[in-house]
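Both chains are given apart, each in its own frame, so use the hints to dock them into the complex.
For the record, the sequence lines run as chains L and R.
Quick note: the first sequence, position 142, residue 142 per the numbering used here, numbers continuous.
Quick note: the second sequence, position 167, residue 167 per the numbering used here, numbers continuous.
Read the hints as simulated data drawn from the structure, not as lab findings.
Don't take every hint at face value.
Quick list of in silico lysine-lysine cross-link-like pairs, PhoX-like style, CA-CA up to 25 Å [what the hints assert, rightly or not]: (1) Lys28/L <-> Lys82/L; (2) Lys154/R <-> Lys118/R; (3) Lys382/L <-> Lys355/L; (4) Lys151/L <-> Lys160/R; (5) Lys382/L <-> Lys462/L; (6) Lys68/R <-> Lys403/L; (7) Lys151/L <-> Lys154/R; (8) Lys151/R <-> Lys110/R; (9) Lys68/R <-> Lys405/L; (10) Lys104/R <-> Lys126/R; (11) Lys82/R <-> Lys104/R; (12) Lys2/R <-> Lys403/L; (13) Lys145/R <-> Lys110/R; (14) Lys405/L <-> Lys462/L; (15) Lys2/R <-> Lys108/R; (16) Lys68/R <-> Lys108/R; (17) Lys407/L <-> Lys327/L; (18) Lys406/L <-> Lys2/R; (19) Lys462/L <-> Lys236/L; (20) Lys435/L <-> Lys405/L; (21) Lys435/L <-> Lys23/L; (22) Lys145/R <-> Lys406/L; (23) Lys102/R <-> Lys126/R; (24) Lys407/L <-> Lys68/R; (25) Lys403/L <-> Lys462/L; (26) Lys2/R <-> Lys405/L; (27) Lys403/L <-> Lys479/L; (28) Lys296/L <-> Lys269/L; (29) Lys479/L <-> Lys2/R; (30) Lys269/L <-> Lys303/L.
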Amino acid sequence: MGIVEKTQKKGTSKKETREIVIKKERCKGCNFCVEYCPRDVLEVSEEFNEKGYHPPKIVNSDQCLFCGLCERICPDFAIYIKNNETEPEKEEKPISETTHGLFNIVKSKYEGEFFMQGDIACAEGAIYAGCRFFGGYPITPATEIAERMAKRLPFLDGVFIQFEDEIASMAGILGASWAGAKSMTATSGPGISLMNENIGLGMMTETPCVVVNVQRGSPSTGLPTSWGQADMMQAKWGSHGDYGSITLCPKSPQEFFDLTIVAFNYSEKYRLPVFILTDAIVGHMIEKVIIPPPDKLEIINRKYTKKRPQDYLPYEAESNLIPDFAKAGDGYHYYVTGLTHDERGYPIMTEEVQKENVTRLVEKINTYSDDIIILEERDIDKADIVVIAYGITSRTVIPAIEKAKKKGIKVGYLRLITIWPFPEKRINEIARNIKGFVVVEMNLGQIVLEVERCAAPYTSTKLVPHAGGGIHNIDDIVKAIEELAHEKK
Amino acid sequence: MKDCNFKIVGFGGQGIILTSYVLGTAISIHDGNSVSMTQSYGPEARGGTCSSQLVISSSEVNYPLVEKTDILVVLSQEGYDKYFQILNTDGVLFYDLNMVKKEKINKKIKAFSIPATKIAEDLGNKLFANMVMLGFIAAHTDIVKAGSLKKAIKETVSPKYIDIDLKAFDLGYHYAENANKE
Chain L
1 MGIVEKTQKK GTSKKETREI VIKKERCKGC NFCVEYCPRD VLEVSEEFNE KGYHPPKIVN
61 SDQCLFCGLC ERICPDFAIY IKNNETEPEK EEKPISETTH GLFNIVKSKY EGEFFMQGDI
121 ACAEGAIYAG CRFFGGYPIT PATEIAERMA KRLPFLDGVF IQFEDEIASM AGILGASWAG
181 AKSMTATSGP GISLMNENIG LGMMTETPCV VVNVQRGSPS TGLPTSWGQA DMMQAKWGSH
241 GDYGSITLCP KSPQEFFDLT IVAFNYSEKY RLPVFILTDA IVGHMIEKVI IPPPDKLEII
301 NRKYTKKRPQ DYLPYEAESN LIPDFAKAGD GYHYYVTGLT HDERGYPIMT EEVQKENVTR
361 LVEKINTYSD DIIILEERDI DKADIVVIAY GITSRTVIPA IEKAKKKGIK VGYLRLITIW
421 PFPEKRINEI ARNIKGFVVV EMNLGQIVLE VERCAAPYTS TKLVPHAGGG IHNIDDIVKA
481 IEELAHEKK
Chain R
1 MKDCNFKIVG FGGQGIILTS YVLGTAISIH DGNSVSMTQS YGPEARGGTC SSQLVISSSE
61 VNYPLVEKTD ILVVLSQEGY DKYFQILNTD GVLFYDLNMV KKEKINKKIK AFSIPATKIA
121 EDLGNKLFAN MVMLGFIAAH TDIVKAGSLK KAIKETVSPK YIDIDLKAFD LGYHYAENAN
181 KE
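Same shape as in the complex, but just chain R (with noise of 0.2 Å):
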């Protein structure tokens, strides 16, 4: 694995903040890896700009804060106008299909989307989008293996919607499969 930076970008009240926490679990006591996590929301408990940063490294994390990233995840159109210039040129992005307009995002920037918003109210609600787009993530990048991803979440969601995060996880993960095969 490289070391690379990992911001998700959102509003508050879409559990990003849970998805990195649950992403960090998975990479630094399940993988081994080192990973710094900081997160910044504003005072609103729904509805502000919430971001959230890795920093992921197989030694020491010296430097906290991200400055530029090399996966960019946003969940709102808000987050993406406000963070993408700080994607690095070789850097990736992952959107909401449903969340952000695709026709707005710029022509140069390798990314992949998801209906994940849509794929989690299929399932029975919104607020499952976040693991969607988890289980979307781990297929397409190698910053963390799948199985230590669901380990993180069954230790860390409510054991009453660890059922249903792990199966919005696989729809995601299988999402990005079939994508690949098509």
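Looking at chain L on its own, in the form it has when it is part of the complex (with noise of 0.2 Å):
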């Protein structure tokens, strides 16, 4: 590295010593610095640099600030003024171990058994995995996942912003991933439509973050305070381009607690944006949840490269199709764009490129499609008729499933739990040797496509709709089964 000229001065109140850090090869002699300095902490020096200018140097070191003004003002990051903050001791902060009402009840340590709103599960979910910064705007029914962090983030040494709009709520986490956080926000239907052009600028950056979504009725304002799972095919196709997205979609408290912190995993080995979708009956519900130790569940960490700096490039993806990250501020170069770019990062707008680039977007989720897709099957084996269902739907399914039983009929179940990439080679295998399938979804018809598709040369598929607001009739989905498996091939 660099050659470093410091001086040292003793902060005020806090434990920390602040020092300037003048890298003399980075330096072209402008001497903004010296001239700008309003303490004249700075001369110009008679040494020369490699590259045959002089460089500043510390002459009134005692009359520094640490204002900063040499660090902004220099065009080349020649001078700044680092802070080198001895960790003071970590006092668990007073907190009553439960205070008043059930929304607020914040614990210094998180472990056991809880009576736990799903919102609830999600941000403690969120920080299981390590997630120290929340962006976000509040909005029902995800108003309480950004509470929760807002109370909880402080003791962590996290940081929660609520930002001027989703826009920038989405831009924040972006900026807070590349900075090394784990970085998520949480919202409903319209505010993913807000985030939706910073999803793209993060799927093409390739940047690691988790987007939740609990949905309520839409389109537009839609139903604020009721739910709905309209939003399935904005997750995929949201954002304008191709990109491969992984969404996954929690039917319980439990399960947003644990699928918030798959979505972390994957987001951190797959590089990208990871959807969670859930809907407002979900987030507002209230059950078990168990919370295990800190170490019993896995949490995949970034994966830092190993080269040197002058060897790294930010976009080469070796054959596993995932580039490595570089630390910001360990002396890698970036140059991070959403314009098309090849493995140095910068823009090269050619067809080649364009390929090359999008394609492994894509690919990079095509290829691990086994290992990201999870799906929770019954009695698949000997059924006729196989229902699908996920998220809250995949609860309401049930009975219905059971009264079919009763019936006489052989029902099988299938819940999507990773709804995309789409589980396109289970549905066909499946396909091949059942009746047909019922797709159960509160919406007028979204996945219901996707299964289509994939079993359409060997079955039937048949949807039973619900427009949102409430929640499917049992006695509906018994008709579709029955009807679908009296009917004849």
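Rendered as structure tokens:
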């Protein structure tokens, strides 16, 4: 690294020391720092650097206020203020172990069994996974996630920012991720619509983060305090362009906790914004949630490059299709852009680079789809009819399946925990051996299109729709199962 | 314990959701049964109809919403008028004598009543009516153990209210016992 000239000064009240660092080899001798320093701390030195310029030197170190003007004015990043904070002894902040109200129970340590709301379980899952930055704008029914993070993160040295809107929130979490933090945001349909531009930026720049969508009745403002499942396609196709995407769909507060951790793992492993799509019922439902001890569940952290800065290219993917990260501030050169870029990260707008860049965004998810896809299957081997559902509807179909079974129909159950990438292979496999699929979803037909696509040559598919704001009638589902079972091929 | 649905209705500010949260905690964490709790309330902080429902089961809860309930607790007249039809024919109604008019209650319904708001006011504040009602319910049903409820109250409410809430709970519980003796 460069030659560093230091001056140290005791900070004010905190245990910290600050210093001016001069990277002499970067200096081009403009002398802006010397000119602009309000306290005349710097002077042009006699010395020559590698390029033949005279870098500045520190003469009046005791006059320095560490205002940072030199750092800001330097066009070559050759001078900056470095904070050497010596970690003060961490005291457990005095929070009463149980405070009033069901949503205000803030404990310093979370482990064990809790009667917990879905949204809160999601926030706890994020904290468990190591999320230390939350940027968002509150919206029913996702507000409680933001609320919980706002309460918890300050005690964990994390950062919570309520931005001016969802557009900024999404940009904020991308920035936090580039600075090395695991970051997330939570919103509902209208917020996702605003975030989509920057979600595309996250996809293009391959930035790990988690985006939670607690779906409400839609489109537009729709049913603010009620539920729906009509953002399924938006999660895949929301932002413009081709990109692989991952979407997980929990059915209960416990699973909301677990899948938030999985979402963080996927986002770090495959380098992209990962969606969690749930709905206002799961978000606001309160059930038992078990939070295991800190190292019980697998946590995947970011993979940093082992290369030297001069050998490193930020978007050079090895055969695994996923480029390694570099730590900001460790001397690696970076260029991050939403424009089509080559492995250096530089915008190159040619047909070849576009093909390579975008193909990899799609292929990196397709290649690993078997590892990403999580399904729950019951009685599929013996089934004539298979009911496909996800999220909260996967719970309402259970009584319907029981009812249909009592009527002598062989019914299987397939729950999509991963929605995107879509489990094409498995559905195609099942389709060969059954009479038909019944897809139950709280929209007017979204995932059913995917199922039809995979099942079409072999078997028929029937949709049981619901516009949202309520819950499926069990008898409607039973009727659909019966109709399909008695249909003549 | 038989699987059952529980619904509590009142207006915002009566502690409806806190009551079912305490009940849910007692059943799921301390008794070890499954509970799924959902709630609905208007945008008003106080005054709007507020309801909360629990689906209680000894196995996994699938269908989380309550269409017909086995136990209905009403703390306001409006709540009774709006929801009494959803009570199952063999269901049980609990109501607050001070808030719901006795003569308006359908005679066919099996009902238990307690002047919860009056008891709470005598204790110092009508806000404790929900805990009085909780004690009353605990004495009349087998959905939850009284000991578990007390534990849940201690864990949930603000420390400065624990003692008085437990007292309110006991008053409700003993009111039921005394009524039985008579």
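Checked hints:
1. Note on Lys28/L and Lys82/L: the hinted pairing holds, with a Cα-Cα distance of about 21 Å set against a maximum of 25 Å.
2. Between the alpha carbons of Lys154/R and Lys118/R the distance comes to roughly 23 Å, so the proposed pair stays at or under 25 Å and holds.
3. Of the pairs offered as hints, the one joining Lys382/L and Lys355/L is violated, with about 45 Å between alpha carbons and a cut-off of 25 Å exceeded.
4. Straight-line distance between C-alpha atoms of Lys151/L and Lys160/R comes to about 21 Å, which keeps the hinted pair within the 25 Å bound.
5. The straight-line distance between the Cα atoms of Lys382/L and Lys462/L is roughly 19 Å, inside the 25 Å bound, and the hint therefore holds.
6. In summary, the hint linking Lys68/R to Lys403/L is supported, as the alpha carbons are separated by about 18 Å, within the 25 Å threshold.
7. The straight-line distance between the Cα atoms of Lys151/L and Lys154/R is roughly 22 Å, inside the 25 Å bound, and the hint therefore holds.
8. At roughly 29 Å between alpha-carbon atoms, Lys151/R and Lys110/R are farther apart than 25 Å, so this suggested pair is violated.
9. For a cut-off of 25 Å, the pair hint linking Lys68/R to Lys405/L stands: about 23 Å separates their Cα positions.
10. Between Lys104/R and Lys126/R the CA atoms are separated by roughly 23 Å; this keeps the pair inside 25 Å, and the hint holds.
11. Restraint check for Lys82/R and Lys104/R: the C-alpha separation of about 13 Å stays at or below 25 Å, so the hint holds.
12. For the hint pairing Lys2/R with Lys403/L, the CA-to-CA distance comes to about 20 Å; that is within 25 Å, so the pair holds.
13. With a C-alpha separation of about 22 Å, the suggested pairing of Lys145/R with Lys110/R holds against the 25 Å cut-off.
14. The straight-line distance between the Cα atoms of Lys405/L and Lys462/L is roughly 18 Å, inside the 25 Å bound, and the hint therefore holds.
15. For the given pair, Lys2/R sits about 23 Å from Lys108/R by alpha-carbon distance, which is consistent with the 25 Å threshold.
16. With a C-alpha separation of about 17 Å, the suggested pair Lys68/R and Lys108/R falls inside the 25 Å cut-off, and the hint holds.
17. Between Lys407/L and Lys327/L the CA atoms are separated by roughly 61 Å; this puts the pair beyond 25 Å, and the hint is violated.
18. A distance of roughly 22 Å separates the Cα atoms of Lys406/L and Lys2/R; the hinted pair therefore holds under the 25 Å criterion.
19. A hinted pair counts as satisfied when its Cα atoms are at most 25 Å apart, and Lys462/L with Lys236/L qualifies at roughly 22 Å.
20. Only pairs whose Cα atoms come within 25 Å are accepted, and Lys435/L paired with Lys405/L is accepted, the gap being roughly 15 Å.
21. The suggested pairing of Lys435/L with Lys23/L is violated, with an alpha-carbon distance near 72 Å, which exceeds 25 Å.
22. For the proposed pair Lys145/R and Lys406/L, the alpha carbon gap of about 35 Å is over 25 Å, so the pair is violated.
23. With a CA separation close to 20 Å, the supplied pair Lys102/R and Lys126/R stays within the 25 Å bound.
24. Using a Cα cut-off of 25 Å, the hinted pair Lys407/L and Lys68/R holds, with the two alpha carbons roughly 24 Å apart.
25. Under the criterion of a C-alpha separation no larger than 25 Å, the hint pairing Lys403/L with Lys462/L is consistent with the structure, at around 18 Å.
26. Distance hint between Lys2/R and Lys405/L is fulfilled; the C-alpha atoms sit about 23 Å from each other, no more than 25 Å.
27. Taking the CA atoms of Lys403/L and Lys479/L, the gap is near 10 Å; set against the 25 Å cutoff, the hint holds.
28. Between Lys296/L and Lys269/L, the direct Cα distance comes to roughly 19 Å. Compliance with the 25 Å bound is thereby established for this hinted pair.
29. The straight-line distance between the Cα atoms of Lys479/L and Lys2/R is roughly 29 Å, outside the 25 Å bound, and the hint therefore fails.
30. Simply put, Lys269/L and Lys303/L have alpha-carbon atoms about 8 Å apart, close enough for the 25 Å limit, and the pair holds.
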